[in-house]
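Chains as they are written, first to last, in numbering that gives the first Met the number 0: chain S, 0 to 197; chain E, 0 to 197.
FYI, nobody ran anything at the bench for these hints, they're computed from the structure.
Values in this document were obtained by computation on a predicted structure and should not be read as measured data.
Each hint should be verified, as a subset may be incorrect.
In the DSS-like style, the derived pairs of lysine-lysine whose C-alpha atoms are separated by at most 27 Å in a straight line are [unchecked claim]: (1) Lys15/S to Lys95/E; (2) Lys50/S to Lys79/S; (3) Lys50/S to Lys22/E; (4) Lys33/S to Lys124/E.
Covered stretches of chain S (in silico footprint by chain E; criterion: 3 or more residues with CB under 8 Å from a CB of chain E, positions within the stretch not fixed) [to be verified]: (5) 10–18; (6) 25–39; (7) 71–80; (8) 115–128.
Looking from chain E toward chain S, a few residues come up when the C-beta cut is under 8 Å (computed) [unchecked claim]: (9) Ser1; (10) Pro3; (11) Gln12; (12) Lys15; (13) Leu27; (14) Ala28; (15) His30; (16) Asp38; (17) Ile46; (18) Arg47; (19) Val69; (20) Thr72; (21) Arg76.
Even glycine gets a Cβ: it sits at the ideal position worked out from N, Cα and C.
Number of protein chains: 2
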Amino acid sequence: MSLPESLARLVEQLQKLPGIGAKGAQRLAFHILKNPREDAERLVEAIRDVKERVTYCSTCNNITDTDPCVYCTSAARDHKLICVVEEPQNVGVVEKTREFRGVYHVLMGALSPLHGVGPDDLKIKGLLERVGAGGVDEVILATNPTVEGEATALYLARLLKPLGIRVTRIAMGIPVGSDLEYADEVTMTRAMEGRREV
Amino acid sequence: MSLPESLARLVEQLQKLPGIGAKGAQRLAFHILKNPREDAERLVEAIRDVKERVTYCSTCNNITDTDPCVYCTSAARDHKLICVVEEPQNVGVVEKTREFRGVYHVLMGALSPLHGVGPDDLKIKGLLERVGAGGVDEVILATNPTVEGEATALYLARLLKPLGIRVTRIAMGIPVGSDLEYADEVTMTRAMEGRREV
């Protein structure tokens, strides 16, 4: 099909977004084309605003539009407890539990020698400084349960433990509401290992 | 999670796009946030360009950045054969066959009393004028094989046949490469009805 050039260019740009393929990009482009100009303008403004206003917290690297972020400045949070995550969006997953009242530290990735990501590419120095400054009791390592996340957690544990604080790792096991039927063997092994007295 | 306000607004705007849910919108927003400003600018420009440059062909209603469109002005196409489709993106599906050498007429929808779409809301008048002006041998009704598309095809057939031209409907049946196992009974019935001598 010979799409008008500007439409083809929009499809091309949309296809660069994660999880959007050729068909999806075309559907989005036609939607933008068909809908009122004001809708497109609102989207455009929202994209620009995000690039202009959102920044990273100089303490924990979480995304924020005030620096330091709401967690790092909150008197209601327990600053003796730091939860370490890989990406800013992981903070939301922990917050959703409504159980965690500590603060965060975002690494901005995980160790991955295959992709050329070493310790210096992650925000590890800042974490060590925060712990080194004293006043921290426990660091919860909530990196992903992947090869990279596990390696990162192990690496951090080796650095943090000598500082005399408690270092913990989130539990791995069968997801709540799931069925054993669908659990892979590694997860099942972890679930068995992590079993607790009822 | 308390997302920075501008990020929350981008998520909200992205969620309005078709096929993008809450999780998908958040993933896209974080992607836009993380990637270089130039990428975001290119996307923004592409969206604006589409809204500014793309228009509809005054003859066939297909999207175009020149009016009339490439199909309507092409000497290589057979202007005696008009393929009627519901939406501009359907033109691409027909073009991909590389078999059709006629021209198009886009209705901009299908009859749907439930959604308040009547004949006056579709580009039917223009089609009747094109056929009425003479020189058209056949109109292929390629509206969707849905209740609305079928109703539209029947409605158009009734209007077009008295004009003394050939009016045809695309075949419905089992998709090529598919398995009878997955065919619903309506499609199977259509496939049986439409059977041809081998």
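Against the structure, the hints:
1. For the hint pairing lysine 15/S with lysine 95/E, the CA-to-CA distance comes to about 23 Å; that is within 27 Å, so the pair holds.
2. Distance restraint check for lysine 50/S and lysine 79/S: the Cα-Cα separation of roughly 32 Å exceeds the 27 Å cut-off, and the hinted pair is therefore not satisfied.
3. Taken as a hint, the lysine 50/S and lysine 22/E pair is honoured in the structure, with Cα atoms around 20 Å apart against an allowance of 27 Å.
4. Only pairs whose Cα atoms come within 27 Å are accepted, and lysine 33/S paired with lysine 124/E is accepted, the gap being roughly 21 Å.
5. Interface restraint, the stretch 10–18 of chain S with chain E: holds (7 residues with C-beta to C-beta distance below 8 Å; minimum three).
6. For the stretch 25–39 of chain S, the stated coverage by chain E holds: 11 residues have a C-beta nearer than 8 Å to a C-beta of that chain, and at least 3 were required.
7. By the rule of at least three residues with a Cβ nearer than 8 Å to a Cβ of chain E, the coverage given for the stretch 71–80 of chain S is violated, with 0 such residues.
8. Note: the stretch 115–128 of chain S has 0 residues with beta-carbon separation from chain E under 8 Å; the three-residue rule is not met and the coverage is violated.
9. Interface restraint check for serine 1/E: the shortest CB-CB distance to chain S comes to about 6 Å, inside 8 Å, so the restraint holds.
10. At a threshold of 8 Å, the smallest CB-CB gap from proline 3/E to chain S is about 4 Å, leaving the interface hint in force.
11. Below 8 Å, beta-carbon pairs count as interface contacts, and glutamine 12/E has one with chain S at about 4 Å; its hint therefore holds.
12. Among the interface hints, the one on lysine 15/E holds; its C-beta lies about 7 Å from the nearest C-beta in chain S, closer than the 8 Å criterion.
13. Against a cut-off of 8 Å between C-beta atoms, the interface hint on leucine 27/E holds, since the closest Cβ of chain S lies about 5 Å away.
14. About 7 Å separates the beta-carbon of alanine 28/E from the nearest beta-carbon of chain S, less than 8 Å, and the hint is met.
15. Because the smallest distance between the Cβ of histidine 30/E and any Cβ of chain S comes to about 5 Å, under 8 Å, the interface hint for this residue holds.
16. About 7 Å separates the beta-carbon of aspartate 38/E from the nearest beta-carbon of chain S, less than 8 Å, and the hint is met.
17. Interface restraint check: isoleucine 46/E against chain S, minimum CB-CB distance 5 Å, threshold 8 Å, status holds.
18. Evaluation of the arginine 47/E hint against chain S yields a held restraint, the C-beta minimum of about 6 Å falling below 8 Å.
19. With its C-beta approaching chain S no nearer than about 6 Å, valine 69/E sits inside the 8 Å limit, and its interface hint holds.
20. Checking threonine 72/E against chain S by beta carbon gives a least distance of about 12 Å; that is not within 8 Å, so the hint is violated.
21. Hint status for arginine 76/E: violated, given a least beta-carbon distance of 12 Å to chain S, over 8 Å.
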